[in-house]
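Letter by letter, the chains look like this.
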Amino acid sequence: MSRVLIIADHDGKRLGGGAARCVTAAGKLGAAEIHLAVLASPGGPIAAEAAQITGVSKVLVVERAENAHPLAAVLAPQVVKLAAGYEYVLAASNTFGKDLLPRVAGLLGVGQVSDLMSVEGPHTFKRPIYAGNAIITVESPADVKLVATVRTASFAAAAGGGSAPIEVVGTEAALPAHTRFVSLNAANNDRPELQSAPRVISGGRALGSAENFKIIYALADRIGAAVGASRAAVDAGYVPSDLQVGQTGKIISPALYVAIGISGAIQHLTGIKDARTIVAINKDAEAPIFEVADVGLIGDLFKIVPELTALLG
Amino acid sequence: MKILVGVKRVVDYNVRVRVKPDGSGVALDGVKMSINPFDEIALEEALRIRERGQATEVIAVAIGPEEVQTQLRSALAMGADRAILVKCDAAVEPRDVARTLLAVIGQEGIGLAILGKQAIDDDAGQTGQMLAALWDRPQVSFASKIDIKDGVAVAMREVDSGIETIEVDLPAVITSDLRLNEPRYIKLPDIMKAKKKPLAITDMATLGVSLAPQFKVLKTDAPPQRARGIMVKDVPELVAELKKRGVLS
Ligand SMILES: Cc1cc2nc3c(=O)[nH]c(=O)nc-3n(C[C@H](O)[C@H](O)[C@H](O)COP(=O)(O)OP(=O)(O)OC[C@H]3O[C@@H](n4cnc5c(N)ncnc54)[C@H](O)[C@@H]3O)c2cc1C
Numbered sequence: 001m002s003r004v005l006i007i008a009d010h011d012g013k014r015l016g017g018g019a020a021r022c023v024t025a026a027g028k029l030g031a032a033e034i035h036l037a038v039l040a041s042p043g044g045p046i047a048a049e050a051a052q053i054t055g056v057s058k059v060l061v062v063e064r065a066e067n068a069h070p071l072a073a074v075l076a077p078q079v080v081k082l083a084a085g086y087e088y089v090l091a092a093s094n095t096f097g098k099d100l101l102p103r104v105a106g107l108l109g110v111g112q113v114s115d116l117m118s119v120e121g122p123h124t125f126k127r128p129i130y131a132g133n134a135i136i137t138v139e140s141p142a143d144v145k146l147v148a149t150v151r152t153a154s155f156a157a158a159a160g161g162g163s164a165p166i167e168v169v170g171t172e173a174a175l176p177a178h179t180r181f182v183s184l185n186a187a188n189n190d191r192p193e194l195q196s197a198p199r200v201i202s203g204g205r206a207l208g209s210a211e212n213f214k215i216i217y218a219l220a221d222r223i224g225a226a227v228g229a230s231r232a233a234v235d236a237g238y239v240p241s242d243l244q245v246g247q248t249g250k251i252i253s254p255a256l257y258v259a260i261g262i263s264g265a266i267q268h269l270t271g272i273k274d275a276r277t278i279v280a281i282n283k284d285a286e287a288p289i290f291e292v293a294d295v296g297l298i299g300d301l302f303k304i305v306p307e308l309t310a311l312l313g
Numbered sequence: 001m002k003i004l005v006g007v008k009r010v011v012d013y014n015v016r017v018r019v020k021p022d023g024s025g026v027a028l029d030g031v032k033m034s035i036n037p038f039d040e041i042a043l044e045e046a047l048r049i050r051e052r053g054q055a056t057e058v059i060a061v062a063i064g065p066e067e068v069q070t071q072l073r074s075a076l077a078m079g080a081d082r083a084i085l086v087k088c089d090a091a092v093e094p095r096d097v098a099r100t101l102l103a104v105i106g107q108e109g110i111g112l113a114i115l116g117k118q119a120i121d122d123d124a125g126q127t128g129q130m131l132a133a134l135w136d137r138p139q140v141s142f143a144s145k146i147d148i149k150d151g152v153a154v155a156m157r158e159v160d161s162g163i164e165t166i167e168v169d170l171p172a173v174i175t176s177d178l179r180l181n182e183p184r185y186i187k188l189p190d191i192m193k194a195k196k197k198p199l200a201i202t203d204m205a206t207l208g209v210s211l212a213p214q215f216k217v218l219k220t221d222a223p224p225q226r227a228r229g230i231m232v233k234d235v236p237e238l239v240a241e242l243k244k245r246g247v248l249s
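Chains H and B, in that order, are what the protein sequence lines are.
Heads up, the final residue of the first sequence is numbered 313 in the numbering used here, and it's a clean run with no missing numbers.
Heads up, the final residue of the second sequence is numbered 249 in the numbering used here, and it's a clean run with no missing numbers.
Excised from the complex, chain H in its bound form (with noise of 0.2 Å):
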């Protein structure tokens, strides 16, 4: 029997949402063992958090001071040592796993399967390819070890309340000093975080401004919602960069999407299409984004929103 390897992703502070993705992904490999790693400085909280994901074995934690921030060319060369005894090695395809297991890969001297989204046997797989445009289904030899990140959007969360033992691991692996983490400006946000939010609501180049996007937030804050937006909406500066959804920005599985102002080219729609439901609302009828919404509105955003919120009120 097999056995899985998953790099948990986290901050640096806690663990992030990808991890008991994987580990429903995991699962489906029919593995014998499922074990969660976890390089971070400290790293008792993070691996606290991983040890209550059901299905997961064991988790292990590497503790060295170098880990205190994500980088991955300090990361990658522990993840070979532990990966020696393991036929799979995993991690989210968010920006943590898909900066470290390219590099992985690479010094383990195999390829990758990048957004894995669903399992058809223990070494065939599909992903999306084109903007998710078409699916292929590829074929690992079994005797190579499969690196794979993720989709997290194709697997629901493994559920907490486990009890996975912990175990301190060491790695002697030298580490460079050529990488160096400067700072990180975390959009510090009280707002549910945009991956795992069962409610997103998002705004397009219509909302015009920075100013005029706060009617967004005021939605969203009246139903517990994340916010998300456009490219069209970064670029002009709206909003930061890791509110974006799609192609190039984070790939969403909400219950509800709501996308206001938002034209729905294809690349924004690769984000949202595991919604269970899209709700549009955009003043051109003729909008890409009816598409592929379950309810449509027509008709002016800045009349629309402040109803809304107002009758959700």
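Treat the hints with care, as some may be off.
[What the hints assert, rightly or not] In silico DSSO-like pairs for lysine-lysine, Cα to Cα no more than 30 Å straight-line:
#, chain 1, residue 1, chain 2, residue 2
1, B, LYS219, H, LYS303
2, B, LYS219, H, LYS28
3, H, LYS214, B, LYS145
Source of the hints: derived by calculation from the structure; they are not laboratory data.
Put chain B with the ligand on the given structure of chain H with help from the hints.
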């Protein structure tokens, strides 16, 4: 310092690709091809670094069939000093692209490699990081700002939790995010000038690289389509509909 920029020929981002009915791939006949948009951004950044006097030469490198010369000529028209086409008609996995670029890096004595963070055809997002691993040099993925000074690059990266700033020693590999810059437009005289710029053609064997594909693509499917929904006429109707669907209480 010489800068290498990776250039990939991909289906233009405005094209809505169609999966072939027999599941053998996507239909590419007669489809408009362009430089991968992220590679254009990578090239623009390299040109700006050179224009600031911090690089001596920008070399655009592509791997692919003969036709890729069109995209390399565009790169030259944008301002690359010269181009290298590594001719290869087979599909090349990111790992082999990284191995090939590494061979070029060794041959040319490259001080900085800038690639796109992903190509919009296979959306793999691997090549830069794999190249950095094989080269045993730092990587800055998803860069949205780069400052170069005294053999060090200070870069901002777009990460899920915000903007991270890191510092790396050169040589290094940087992958470009969308907001790194806005690529310049090519002007007609530039196209004329580009015709005279050197475009060398080589192949994997000459570079000492042999392809070692790992994956077999068994089939290509169209994604499941979302059914067209309903239209509501006003806000009260919208709220009623969402409550009915159980997504609002
Ligand atoms: C390589 C690449 C990657 C990309 N990645 C992404 C990505 O990850 N995410 C992403 O979102 N985009 C991405 N894009 C950009 C994408 O192609 C679109 O340009 C972008 O999504 C458009 O944003 P928008 O819908 O806000 O703006 P627009 O397309 O300008 O749409 C604005 C909409 O607002 C409507 N509107 C205007 N005024 C009002 C009003 N008063 N009331 C109601 N409606 C109104 C208009 O009818 C229109 O439909 C990418 C592009 C490229 C080339």
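Violated hints - listed by number, lowest first: Violated hint: only 1; rest satisfied.
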